[in-house]
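Engineer: Okay, here's what each chain looks like letter by letter:
Number of protein chains: 2
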Amino acid sequence: MATAKIVRGVSPPSRVLLLLRSRTLTSAVRPYSAATSPPSKAVVYDQHGSPDVVTRVTELPPVEIKENDVCVRMLAAPINPSDINRIEGVYPVRPPVPAVGGYEGVGEVHAIGSAVKGLSPGDWVIPSPPSSGTWQTYIVKEQTVWQKIDKRTPMEYAATVTVNPLTALRMLEDFVALKSGDTIVQNGATSIVGQCVIQLARLRGIHSINIIRDRAGSDEAKANLKQLGADEVYTESQLEVKNVRGLLDNIPEPALGFNCVGGKSASLILKFLKQGGTMVTYGGMSKKPITVSTSSFIFKELTLKGFWLQRWMSSDKAEERQSMIDYLLGLCHNGKLNYELEVAPFDDFHTALEKAMGKRGSQPKQVLKF
Amino acid sequence: MATAKIVRGVSPPSRVLLLLRSRTLTSAVRPYSAATSPPSKAVVYDQHGSPDVVTRVTELPPVEIKENDVCVRMLAAPINPSDINRIEGVYPVRPPVPAVGGYEGVGEVHAIGSAVKGLSPGDWVIPSPPSSGTWQTYIVKEQTVWQKIDKRTPMEYAATVTVNPLTALRMLEDFVALKSGDTIVQNGATSIVGQCVIQLARLRGIHSINIIRDRAGSDEAKANLKQLGADEVYTESQLEVKNVRGLLDNIPEPALGFNCVGGKSASLILKFLKQGGTMVTYGGMSKKPITVSTSSFIFKELTLKGFWLQRWMSSDKAEERQSMIDYLLGLCHNGKLNYELEVAPFDDFHTALEKAMGKRGSQPKQVLKF
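Chains A and B supply the protein sequences, listed in that same order. For reference, each letter of the first sequence is one residue, going 1 to 370 in the UniProt record's numbering. For reference, each letter of the second sequence is one residue, going 1 to 370 in the UniProt record's numbering.
Any given hint might turn out to be false.
[Said to hold, decoys possible] Computed list of chain B residues with no C-beta within reach of chain A, every gap over 10 Å:
id	residue
1	Gln47
2	Glu64
3	Val97
4	Val176
5	Gly283
6	Ser293
[To be verified] Quick partial rundown of chain B residues pointing at chain A, CB under 8 Å, derived from the structure:
id	residue
7	Pro92
8	Phe175
9	Tyr234
10	Gly262
11	Thr281
12	Thr294
13	Glu301
14	Leu302
15	Gly306
Derived from the structure by calculation, the hints contain no laboratory data. Where is the CB? At the ideal position from N, CA and C, for every residue including glycine.
Sequences are here, hints too, so could you generate the full structure?
Structural biologist: Here it is, written out as structure tokens:
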């Protein structure tokens, strides 16, 4: 799939008044000095609610850079659905308000504390695990927050690697021991996770069956996914047959399915799965629950589980996480992992936000460029 | 719970014409000799359909007892829901028609082939794993089919141990590593599996939360289950509150749930389960599917699985199966495992069948006595 990268220019820096010390906003003002960050232009929300109502772009004053701190000038950060849910207050884990939006992104080291080793100004870093407050121009956090990455990585991929591609990679690893020649089935296949699943599976010789919504342009979407390496792509209405598995020609029945839609679309995954298969739910775009027959559990012996990246990220697997991120960024750098993004200048934050909220029709994921 | 054992007398033997050679019915007739079984009075069905329509009680002629065969005079056999489903033709695994009904039971060794060792006339045996054709007075099958059991076991428990109590025992073992002080939650708690779960959990120091239907007599049912060792018993309507877990006083939230009902009753189990818990479905008495929210999978990290005893039984675990059956029969013998049964004379087969089919209101499990 050709990626659409629409760069509309970068917003100029500006200077204002509020103080951000990590995630805590107060009204104190500190003097600017060599041991402080520049002021930071940030997307702040003081209460939970609809993001287009409760967020405002404002400038936070300089904060102190302590001996173990790193001051990072942010380069880019995406607007993910979970960012929207955190601002709405409906996400199970969220920062206390007032808070700065955003959860992942990439930045360049601007200044380091006196005790920091292994990072220098100019290095590229990402917060790993992701942590809140990436929608701003300067962040000061302890060195342990930051993972240094290869600067050759395309910026918009570096900004988005820790949520969607990592979800795809983990789901292919954590539930069923897949080997070359096996098959997976997924819905929501045009999502970034879906696109990554197709490509990461293909790299391991794993076939993919992909389910997409019926919509104008579905033929183009099918062609795009097949270009990424999808074996089969069906719209939901194509699967309104009794024996969906009869549609498969030369690939084995899938032992693993990924569901990010729910409702009827999840049931289609269950129909494809082979005896003893597993369906992993990681999203619910239709806002409809998953309905399963008794016999699917007893006689077809299916297992249903969920995947929550934030839980996995907060577990004690720092080394594995870092090497996975390096692996994924290497694939991005080498052109083996591609997905559709739209880069939006930070000055146009509210336009990008409306697109991310679905208020302007179907749009690619929005990546803020600072 | 006091067990209701209503013995209505035993049917006299009778003699007729058809030949049963194991599960195959033919019209050949063999002469009676020392190396043949007595004729067998049997419940036969020639085609799938409603059991009260397609079954007939008839007499099958003697069959040869080969050197490795054991001829067993059946003493008792239950009418299980899966027996009904096999005759209806809706069970995934079923014998070819024509067939004799029934799948488990207990009998006494009547005669043995010349090469049989370790079994003598008068011994009690059960088919283990259960196998089809137990609704008849004499069965001839190879010695490997039969497991010798302790004759001190109450007959109606020996006849029913391999399906329901074994399901309860396996479900407590196979999904979550439970320790003393843990809790399970189940619906359909008045079923035999439900009664066994309560008692087997109690023996291991495991608490049980039990859900029963709203119905006349629910107070009595609650008292009976508490006598068996249930910690908590709720009717479904009692659980129409937002925070069901707030109802629990002194017992921990359950990590494991058993569902044999489906529909709303299954949702109540999901509400009780703690973070990361597992629900095992082994039946669907309401004939309604299971509906699960996306967030139950992602944020509550629930796992949903199924249990099918027949699959477990057909696996290569003969020794483990035998020792479990001995353990369960020992508990029955010692009065530590009790459940409600109704013993019905074989002559009244069609009355017992109607009760088992639910045509005469709520009835205990029917056990045919030959």
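Engineer: Now look at each hint and say whether the structure bears it out.
Structural biologist: Results for each hint:
With a cut of 10 Å on Cβ distances, Gln47(B) stays outside the contact zone with chain A, its closest approach being about 22 Å. No Cβ of chain A comes within 10 Å of the Cβ of Glu64(B); the nearest lies about 36 Å off, and the non-interface call holds. Residue placement check: Val97(B) keeps its beta carbon more than 10 Å from all beta carbons of chain A (closest about 20 Å). Residue placement check: Val176(B) keeps its beta carbon more than 10 Å from all beta carbons of chain A (closest about 14 Å).
For Gly283(B), the shortest C-beta to C-beta distance to chain A comes to about 7 Å, within the 10 Å cut-off, and the non-interface label is violated. Here Ser293(B) does not stay apart from chain A, with its beta-carbon only about 5 Å from theirs, under the 10 Å limit. The closest approach between the C-beta of Pro92(B) and any C-beta of chain A is roughly 5 Å, which is under the 8 Å cut-off, so the hint is satisfied. A distance limit of 8 Å between C-beta atoms decides the matter here; for Phe175(B) the minimum to chain A is near 10 Å, and the interface restraint is violated.
Given the 8 Å rule on beta carbons, the hint for Tyr234(B) is violated: about 22 Å separates it from the nearest Cβ of chain A. With its C-beta approaching chain A no nearer than about 5 Å, Gly262(B) sits inside the 8 Å limit, and its interface hint holds. A hinted interface residue such as Thr281(B) counts as satisfied when its beta carbon comes closer than 8 Å to some beta carbon of chain A; here the least separation is about 4 Å, so the hint holds. For Thr294(B), the shortest C-beta to C-beta distance to chain A is roughly 3 Å, which falls under 8 Å, so the interface hint holds.
The beta carbon of Glu301(B) is positioned within 8 Å of a beta carbon in chain A (closest approach about 6 Å), and the interface hint is therefore held. For Leu302(B), the shortest C-beta to C-beta distance to chain A is roughly 7 Å, which falls under 8 Å, so the interface hint holds. Hint status for Gly306(B) relative to chain A: holds, with the closest Cβ pair at about 3 Å, below 8 Å.
The structure fails to meet hints 5, 6, 8, 9 from the earlier list, while all remaining hints are met.
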